Every structure is written in structure tokens, then in C-alpha cells.
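Peer 1: Residues per chain are reported as follows:
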Amino acid sequence: MVPKIMKQGRLAPWLYLLPSLILMTIFIVYPTFATIRLSLLDAHSVNSAATTCQPGQPCWGIFENYRYALTNPEMLAALRNNALWILLMVPGTIIGALFFALLADRVPYENLAKSIIFMPMAISFVGASVIWRFVYDFRSSGPQIGILNGIITAFGGQPVAWLSAPIINNFCLMLVGVWLWAGFCMTILSAAIKGVPAEILEAARVDGANEFQVFGNILLPSIMPTIVVVTTTMTIIILKVFDVVYVMTGGYFDTEVIANRMFELIVTNAGQSTAIAVVLIVLTIPIMIFNVQRFRREEAAR
Amino acid sequence: MASVVYDHVTKKFGDSMVAVNDLNINVADKEFLVLVGPSGCGKTTALRCLAGLEEITEGNIRIGDRVVNDVPPKDRDIAMVFQSYALYPHLSVFDNMAFGLKLRKVPKDEIKRRVEQAAETLGIKDLLNRKPRQLSGGQRQRVAVGRAIVREPKVFLFDEPLSNLDAKLRVQMRAEISKLHQQLQTTFIYVTHDQVEAMTMASRIAVINKGVLQQIDSPQNLYDTPNNVFVAGFMGSPAMNFFPARLRKDANKMVVDTGDFILTIPADRTRSLEQYVGKDIIFGIRPENIHDAEFIPPNIHAEKVEAKVDVTELMGNEIYLYLITGKNTFVGRVDPRSKMRMGDKAQVAFNMDRFHIFDAQTEQAIR
Numbered sequence: 001m002v003p004k005i006m007k008q009g010r011l012a013p014w015l016y017l018l019p020s021l022i023l024m025t026i027f028i029v030y031p032t033f034a035t036i037r038l039s040l041l042d043a044h045s046v047n048s049a050a051t052t053c054q055p056g057q058p059c060w061g062i063f064e065n066y067r068y069a070l071t072n073p074e075m076l077a078a079l080r081n082n083a084l085w086i087l088l089m090v091p092g093t094i095i096g097a098l099f100f101a102l103l104a105d106r107v108p109y110e111n112l113a114k115s116i117i118f119m120p121m122a123i124s125f126v127g128a129s130v131i132w133r134f135v136y137d138f139r140s141s142g143p144q145i146g147i148l149n150g151i152i153t154a155f156g157g158q159p160v161a162w163l164s165a166p167i168i169n170n171f172c173l174m175l176v177g178v179w180l181w182a183g184f185c186m187t188i189l190s191a192a193i194k195g196v197p198a199e200i201l202e203a204a205r206v207d208g209a210n211e212f213q214v215f216g217n218i219l220l221p222s223i224m225p226t227i228v229v230v231t232t233t234m235t236i237i238i239l240k241v242f243d244v245v246y247v248m249t250g251g252y253f254d255t256e257v258i259a260n261r262m263f264e265l266i267v268t269n270a271g272q273s274t275a276i277a278v279v280l281i282v283l284t285i286p287i288m289i290f291n292v293q294r295f296r297r298e299e300a301a302r
Numbered sequence: 001m002a003s004v005v006y007d008h009v010t011k012k013f014g015d016s017m018v019a020v021n022d023l024n025i026n027v028a029d030k031e032f033l034v035l036v037g038p039s040g041c042g043k044t045t046a047l048r049c050l051a052g053l054e055e056i057t058e059g060n061i062r063i064g065d066r067v068v069n070d071v072p073p074k075d076r077d078i079a080m081v082f083q084s085y086a087l088y089p090h091l092s093v094f095d096n097m098a099f100g101l102k103l104r105k106v107p108k109d110e111i112k113r114r115v116e117q118a119a120e121t122l123g124i125k126d127l128l129n130r131k132p133r134q135l136s137g138g139q140r141q142r143v144a145v146g147r148a149i150v151r152e153p154k155v156f157l158f159d160e161p162l163s164n165l166d167a168k169l170r171v172q173m174r175a176e177i178s179k180l181h182q183q184l185q186t187t188f189i190y191v192t193h194d195q196v197e198a199m200t201m202a203s204r205i206a207v208i209n210k211g212v213l214q215q216i217d218s219p220q221n222l223y224d225t226p227n228n229v230f231v232a233g234f235m236g237s238p239a240m241n242f243f244p245a246r247l248r249k250d251a252n253k254m255v256v257d258t259g260d261f262i263l264t265i266p267a268d269r270t271r272s273l274e275q276y277v278g279k280d281i282i283f284g285i286r287p288e289n290i291h292d293a294e295f296i297p298p299n300i301h302a303e304k305v306e307a308k309v310d311v312t313e314l315m316g317n318e319i320y321l322y323l324i325t326g327k328n329t330f331v332g333r334v335d336p337r338s339k340m341r342m343g344d345k346a347q348v349a350f351n352m353d354r355f356h357i358f359d360a361q362t363e364q365a366i367r
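Protein sequences appear in the order of chains Y and A.
For the record, in the first sequence the residue sitting at position 56 is 56 according to this note's numbering, with numbers rising by one throughout.
For the record, in the second sequence the residue sitting at position 240 is 240 according to this note's numbering, with numbers rising by one throughout.
Rather than coming from a laboratory, the hints here were simulated on the basis of the structure.
Fair warning: there could be bad hints in the mix.
The list that follows gives simulated cross-link-like pairs (lysine-lysine, DSS-like), each with its CA atoms no further than 27 Å apart [to be verified]:
no.	chain 1	residue 1	chain 2	residue 2
1	Y	Lys194	A	Lys131
2	Y	Lys194	A	Lys12
3	A	Lys154	A	Lys108
Here the structure is a predicted model, which means the values were calculated and not measured.
Based on the sequences and whatever the hints tell you, model everything.
Peer 2: Quick look at the structure:
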């Protein structure tokens, strides 16, 4: 005998959802609101942020911490670098991953090749960053122990300060990001490519397409939903990029990113740190909405 | 429009797996050739070699006068209809059909004209803006055929195009493809495992088994004079009955002794069999040449045989009798007025004007 309360009706669905709702309230909803509250308070979470305003300086009142998060030169550099990461590193990773996935699909030792590309994901990101610090190592005098500068000086070139010379150091960090994430993206894209029926590609070949046309006209559109999912996922991940930057440059030499600022401030100024956290949340919302809408559209198209 | 030649074509996968073994076929211009055989016999591989989707290991394939061994599929001037239809899921019906023409840089208005004409022929004009997923199986099939037609290729290839359709639609599309062949006057090469499709559509049928061509001939010749036991058993439904037997001379008459019953061979057939007297043979007879002894057609050499009726299947226009004599089981298609019932002891008559004898060792026909 099913208890009346469990019968199909208005109440039953909520009962099934209840455990998840309780957990989400404790670990997601409450912390979010607590963070927003903290972001409106001062460094020690005691008084309103408005009390930190300096006389004669611009003041956003209770939103003073947001004035820091959105106008401070350090923060502007971090926002700019995050934008660079998303505009360059994300497409770089996807294109690289797609390239590997296509090549791996055509070699007999596919699994070995894919395992090697995927390997960086298995290393801790901090460990990987330490390894890459050696790759990029720079000495102003004496023998170079970094492999890149070692190669350059071996051919008679001048060593480059990969991690401390602004703008190229950002690209060096992004390359590490690509190295870390390409395997992950490749695995997902490779599965999508294998999901495309071989007969469709063969039909295109018989229809008169060369290999580039088969890729551009048939394969790419067929896996586009997966590419979009991987791209949005990567965008959210990279918006929060932290470990690589923290370990390799600590955000110095103009390589600062949002998450690193947030981490640096959490001890010294809880108000500013949480304000940055809220900015990060707000930045991810449009991507989330896009993802959900797209998912619904695809469901509707079935 | 072009002829197609398989010249000693062999296709191996790896070192040991021989999918197509020394295949020799000359397909004339405008011919409708059907490659038929059980699944895994190499017929689809043979077609894919012609399409350029598989490289051949040995031999030559010619389309028209040109050896195409190393020509990529796109330059072979062929069109192919796949078993799964292989429509491009993200393109509309129109774009699916126009794809090959766009790649060939055919002018826009010409593309439109050809696609609409093909759509008209196939009765899919209302569907041009739909996506493949919005179509039924039969409609997808037509789009796949339409995509091949608009290309106006030299040779059409069909890889089991009807096997995903329901029975009724299959019969209808069979007739439509035959009609299409009449209209287009182009070479058709069609792969199927269904001997009915082969019989109904082909101008010639090539029967393939285990990668080896067994026989190639017109449907009627193939049915009437199969070269070997495989072809005899494959063409026709229900299949031909086979009885392991021995050829003997019995008081001046030549007889087939199956162990369960003895059949006398008519005098006009004895000459070619003379050298097999005393040897093992396989005696074959089609179900339609086995009659209820009460309803024997006039003017045939009937030989009566006692048998037990195992199962009867009423078809309306005829009855299938599943019969047992000793160690042999066989099928007869008899007159619907037959009174035979399951479990009956019955007398059936073999029409000794229509039988086949095969060498027991080589399984080749003896004529």
C-alpha cells in the first residue's frame, strides 16, 4: 500500500527532490548569499563597506568593494588577462584537441596516441606547473637549465625571460593551459567523431567531396553540438583559471588573473575578495543561460 | 553511361581474410546487374571496391575505358545509395540532394532545376525543406535515391537499399527502381541478400558465395540451370530440395536411389549421366515440381513417392507440405485442393522432367 503522500500529485515530485534541495541550499544557495553579504562589508567583515571610503576619493558607498573589483588597475589587468585566456587559450585548446582527435582517428595505435595526449590531465596541475617552470627557466648568466633557453643558446641565440617578460609570459602560461586541457577536450571530441556514422562520410566522398570538404561540410556540422558544449565548459573553467598562474608567476609581471586576486585577498581583505568572487559568478551566468537554452532547443528538436 | 569491368579483382583484409576472390565480371552499358549472396559473402565489399571506398589488393577495375584502381571516389563519376541511406542529418532534403552538385560548382539555377525534377520523379517535392529526421523510412529512401539521380552519374551503385523498409514498401520501391532504370538508361549495380529482389529487378544476376563468383546469368537461366548446389539452393523460395543419392542401372532403366525411395530417370536425360552410374550424386528438385498424387498435372513424367506429412502451410493459392521420408525431409508446393493433413501418410509425385543432378564431391551440376 503506497502512502497517500507518495501518490502522484503536486507534492510527490517535491518529495523526490527534497534531499537534493536541502544539500544544494546548504552548500550552494546559502554560501552564495553569504558571499554577497560579505562583499558588502569591510576587510574584517564587521562594518559596512561604505566605511572604508577615503575622503576625497571616489566612493561607491556600500558597493565600495565592487569599485575595487571593477576599477582598480590590478583588477583591470586581471580582467584583461582573463579575457585573453578565454579568447586565445580556449579556441587554441579546442582546435588543438580537434586536430589530435582527427589524427588519432586515422592511426593504428590510436589508443596509445590518445593516452599520451591525455596524460597531462592525470598529473596534478600544480605538479605540471612546476615541470613547466623548468621548461621556461631563465638565467641572466651561466648555463641555462631550462630546455627552451638551452635550445636557443645552443644555436647561439639570446636567452628569453619567458615568465617575466610581459605579454609573452601570458602566452607561455596559456600554452601550459592548452597542454593540460587538450587531452580532456580531445577525448570528448574524439567520442563525438566516432559517433558520426561512417556511411555519411563515405556518401560525401562518393558525392564528390575531398577530405577537407568532408570535414568542413559534413563532419564539423555533425559534431558542432559537442564543440559548443566543450567550448562553454572550457570557458567557465578558464574564467576560474588559478593554479597555473599561482604556481608559475604568482600573478606578477602582468600575468594576474581574477581567481588569483581573489585568493591573494581572502586573508587580508574578505570584503574585496568576496566582491571579486561575486563578479566571477556574474560572469559565468550568461554562459550557463546559453548552455541551458541550447540544451532545451536540442531537446525540443528531437 | 558506361560499362564496368571487374578484372581478376581480389580484396584481402589483413593477410588471411579474403573478402573478394579473383572476381571477373563484365557489366555492359545500361545493364542492371544484381550481386546477390548470403551476408558476409563479399558482395558489398565488391561494390565498395567499385565505389573506391575500399582499395583492391589485386586486379583491375574499369569504368568505361578507364582503370580506376587509384582514382578517389569523388572522381569516379558514380553515385551510391547506402543501406542506411546516409543522409546528411544537418542539411535539408534540398541541400542533401544538391550537395554533390554544389561541390562540382554547377550553376545555382541548374541545381534547382535538377533537384526539383528528381523530386518530382520520386514524389518528394513537398519535402524539400524538411530535415532527414522529419522523414519516414520510405521518404528517406527516396531522398537517398534522389541524391544519386541529380548527379547524373555514369554508374549507379545500390547497397541493399530496401532492407530497412517494411515488406509492403519494399515491393513498391522494387518496382520504382526498375522503372527508374528504364527511364535513366544508365548502368545499375545493385547488391542484395534477397533473391526475390535479384530475380525481379535484374537483367543479369551474379551469385557470390565466400568471395567467389558462383554463376552469372539472366534470372531465368539462373533459376532453370543452376551451376552448382549453392546457386540451386540460394535462388528460389522455398529452396530446392536436395537428396544425397546414388545413380544405378536397374533392369535397363537408370534410377536415382536415395535409400528411402527410387526414382526412374526419363530416357532423354540418361545420356549425360551414364558416366556417373554407380557413383554418389545429389538429386535436387524444386518444391513446385512436387505434386499431390491426386492432382498431377497432365503430360509429365511423374514418379510417386510415399511420405509422411510433417507440417502443412496454407498459402491460399497453394499449400506448402513439409514431408518426411526416412532420413530425408523436403518441401512440396501442391494444389490447394489437396486433402493432406499433418501426420498423414501421403503419396506425392515428383515431376521427373524438372530435376537437377549434382556431383556429390564437387557439387557441380551434371547436365
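Peer 1: Now tell me if each hint is right for this structure.
Peer 2: Going down the list of hints, with the structure as the test:
| no. | hint | verdict |
| --- | --- | --- |
| 1 | Y:Lys194 to A:Lys131 | holds (22 Å) |
| 2 | Y:Lys194 to A:Lys12 | holds (25 Å) |
| 3 | A:Lys154 to A:Lys108 | holds (22 Å) |
Checked against the numbered hints given earlier, the structure satisfies every one of them.
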